[in-house]
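Undergrad: For reference, the chains in residue letters:
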Amino acid sequence: MMPVLDIQGLTVDFSTTEGIHYVLKNVDLNVNKGEIVGLIGESGSGKSTLAMTVLDINSRNRKRSGSIRFMNEELINAGTQRMRELRGRHIGFVPQSSMNALNPLVRVSKQFTETIKDHINMPAQQMLELTEKTLEMVAIDPSRVNSFPYEFSGGQRQRIMIALSMLLSPKLIIADEPTTALDATVQSKIIDLLKEVVEQKHTSMLVISHDLHTISRICDRIYIMYAGRIVETGSTEQIMHHSEHPYTQKLLASRLPLMSEHVKVKGISGKPPSTLMEYSRCEFLERCDRASVICKTKRPPECIDNVRVACHLGEGT
Amino acid sequence: MDRKRLWHIFSRGLEYSITFFLILIINFFIPRTMPGGPLLSITGSQNADLPVVLDEETKYELMEYYHLNDPLHIQFMQYMADAAQLDFGYSITHNIPVLDIILGRLPWTILLMGSALVFSTFFGIALGIESGWNRGRKLDHALLMIMPVLRSIPPFFLGALMIFVFSYRMGWFPLSGALTPYIDYTGMADQVRDIFSHLALPMLCLAAFEMPGTYLLVRNVCVQQMEKPYVLMATARGLKERNIKKHVLINSTVPVVNQIAAMLGFLVGGAVFIETVFSYPGMGMLVYNSFIERDYPVLQGAFIFMSLCVLACNYAADIACSYIDGRAGQE
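Residue numbers (my numbering), protein chains in the order written: chain A, 1 to 317; chain B, 1001 to 1331.
Treat the hints with care, as some may be off.
[To be verified] Subject to a maximum C-alpha distance of 35 angstroms in a straight line, what follows is the list of computed DSBU-like cross-link-like pairs (lysine-lysine): (1) B:Lys1240 / A:Lys171; (2) B:Lys1246 / A:Lys195; (3) B:Lys1004 / A:Lys110; (4) B:Lys1240 / A:Lys110; (5) B:Lys1228 / B:Lys1004; (6) A:Lys63 / B:Lys1245; (7) A:Lys271 / A:Lys250; (8) A:Lys171 / B:Lys1228; (9) A:Lys171 / B:Lys1245; (10) A:Lys271 / A:Lys201; (11) A:Lys133 / A:Lys63; (12) A:Lys117 / A:Lys250; (13) A:Lys271 / B:Lys1246; (14) A:Lys195 / A:Lys133; (15) B:Lys1228 / A:Lys117; (16) A:Lys189 / B:Lys1138; (17) A:Lys110 / B:Lys1245; (18) B:Lys1004 / B:Lys1138.
[Stated by the list, open to error] Between beta-carbon pairs, the in silico distance windows are: (19) B:Thr1033 / A:Thr17: 45 to 51 angstroms; (20) B:Asn1134 / A:Asp211: 36 to 42 angstroms; (21) B:Phe1021 / A:Asn121: 57 to 63 angstroms; (22) B:Leu1006 / A:Ser274: 42 to 48 angstroms; (23) A:Ser153 / B:Asn1134: 34 to 40 angstroms; (24) B:Asn1220 / A:Ser153: 29 to 35 angstroms; (25) B:Leu1161 / A:Asn121: 24 to 30 angstroms.
Hints were generated in silico from the structure; no laboratory data involved. C-beta atoms are modelled at their ideal positions from N, C-alpha and C, and glycine is treated no differently.
Here chain A stands alone, though its shape is the one from the complex:
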């Protein structure tokens, strides 16, 4: 099957006054039709940069190489005009900060219809109908379509953002930390809604999160990202129950226990490495319990083709 999104060898760095930030390093990632793919990593690991690079909305001071193919079309040299056409029309985006992602001074209806208007010709009445229908899908009362964003709660606003991202039935929706700003009870409802959207709209989704446990419920496959590299990939089953990279294992172990009372929560000690330099060793070295001599001298294998784990210890350890 042809993947909807096929990223190969994507390397992104930003030149700043501090020096060059190496944010993404040789990333391979794909999303097939109808799939929900999770991209998990801690903050600063480069997962949002990946989303914004696909959409090409972070071009300031950026250098990128590799290949991003969307529906078999190369996006790296697509040009700004073509990228604008794709954004919103064929690639939907659910942003990290849904609270402020809508213009506070413009009615919700206007923000929906202007999105339609900039992509396809449609009579005004039909635009409004489509807006109301889409809002209804995310359980927002369509009679409130003319309200201002601040008249909705945080959870409702995130629903509106999801509705906005799927408004034009895109082939791919990228959701960047869609639940982070919400409280726990709303989180799980939003997660279920995302799954529903993919099924009803026959689209595909790339969900970006730092929360492996919350996201894993709806994902078909998961990529684990650390310091700008994919360190492990596999089906949700493989990642959740047979993980092999020490980082994934630590992520899984750092879950808050639901029932037990006096268990100390295990975090992952140490800090992620600086993005300001290039490494010729394993980037997880300092925080790894099982590091050996080779980890200090040689880069681990990359998660390309059939390699699932980027670790010297290899699969099955």
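Put chain B on the given structure of chain A with help from the hints.
TA: Same frame as chain A, now just chain B:
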């Protein structure tokens, strides 16, 4: 929601009324705390070359005529009653009602102020948005250089320079005034043309002085707004650049509207220099001349009108902002 807004507008109106009342009171007391007195301004200093000597009876009659022998609170009541009827007394130097003088000057000031404000606001906003949008590029750098320079030129100097170059040397515009005196207009169009040729230089001069402020404000607000998530989202849903700019523009209006309202007040005062340089018969010139002639009733009347103008502008801005941003005043 709409009742909340009405209440907001009503309560703001009440606040401004109280402010205006306080201004009226201050306007009454300030001249009475100043050294000298009304008699002195009529007779002149006793040390003058030709002192006017009044006998006690005439003095008493004069004081009685102006109600100056009444107790202060009676005078105050009288003053308030007169103010309510827009009666600000007679000009000392011109001996005609202050209201008539002010009403004669007001249209010219409003024409000058208004056109300069429209001009400077339009270009200030347009250039500010372009500059903020293209932050760090050549256009932005160039504008950031030019605007402060423009702001730093004293308006009276710029005015004098303009008169010298465009009126005296080139002869494109009249030297001074608001109309050509003793002229018979051939028609409406001729009169309008005459008014605008007199207006052009002082208006440009005023606009050049006001525009950098608006430009810098809009640029800064625009740069701030562009960092906001809604702009990123507007890009991410593939809006055309023109429409993304509109989003930024709407969010930049509230501070700009407030700034313009504040500027309106200063323009009445700031126009003093320009009106004097161009001999433009506006409020600024009136205030300037009244100061020189110590024409207290005119000064008082002019100040009341100016404060009324400032308050009204701010009130209008408040109302406008409550319509632009529904959250205003709802905390």
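Undergrad: Next, verify each hint and record whether it holds.
TA: Outcome of the hint check:
no.: 1; hint: B:Lys1240 / A:Lys171; in the structure: 20 angstroms, holds
no.: 2; hint: B:Lys1246 / A:Lys195; in the structure: 34 angstroms, holds
no.: 3; hint: B:Lys1004 / A:Lys110; in the structure: 23 angstroms, holds
no.: 4; hint: B:Lys1240 / A:Lys110; in the structure: 15 angstroms, holds
no.: 5; hint: B:Lys1228 / B:Lys1004; in the structure: 28 angstroms, holds
no.: 6; hint: A:Lys63 / B:Lys1245; in the structure: 26 angstroms, holds
no.: 7; hint: A:Lys271 / A:Lys250; in the structure: 14 angstroms, holds
no.: 8; hint: A:Lys171 / B:Lys1228; in the structure: 27 angstroms, holds
no.: 9; hint: A:Lys171 / B:Lys1245; in the structure: 27 angstroms, holds
no.: 10; hint: A:Lys271 / A:Lys201; in the structure: 40 angstroms, violated
no.: 11; hint: A:Lys133 / A:Lys63; in the structure: 40 angstroms, violated
no.: 12; hint: A:Lys117 / A:Lys250; in the structure: 47 angstroms, violated
no.: 13; hint: A:Lys271 / B:Lys1246; in the structure: 42 angstroms, violated
no.: 14; hint: A:Lys195 / A:Lys133; in the structure: 18 angstroms, holds
no.: 15; hint: B:Lys1228 / A:Lys117; in the structure: 23 angstroms, holds
no.: 16; hint: A:Lys189 / B:Lys1138; in the structure: 49 angstroms, violated
no.: 17; hint: A:Lys110 / B:Lys1245; in the structure: 15 angstroms, holds
no.: 18; hint: B:Lys1004 / B:Lys1138; in the structure: 46 angstroms, violated
no.: 19; hint: B:Thr1033 / A:Thr17: 45 to 51 angstroms; in the structure: 59 angstroms, violated
no.: 20; hint: B:Asn1134 / A:Asp211: 36 to 42 angstroms; in the structure: 39 angstroms, holds
no.: 21; hint: B:Phe1021 / A:Asn121: 57 to 63 angstroms; in the structure: 58 angstroms, holds
no.: 22; hint: B:Leu1006 / A:Ser274: 42 to 48 angstroms; in the structure: 57 angstroms, violated
no.: 23; hint: A:Ser153 / B:Asn1134: 34 to 40 angstroms; in the structure: 37 angstroms, holds
no.: 24; hint: B:Asn1220 / A:Ser153: 29 to 35 angstroms; in the structure: 32 angstroms, holds
no.: 25; hint: B:Leu1161 / A:Asn121: 24 to 30 angstroms; in the structure: 54 angstroms, violated
When held up to the earlier numbered hints, the structure conflicts with 10, 11, 12, 13, 16, 18, 19, 22, 25 and fits the remainder.
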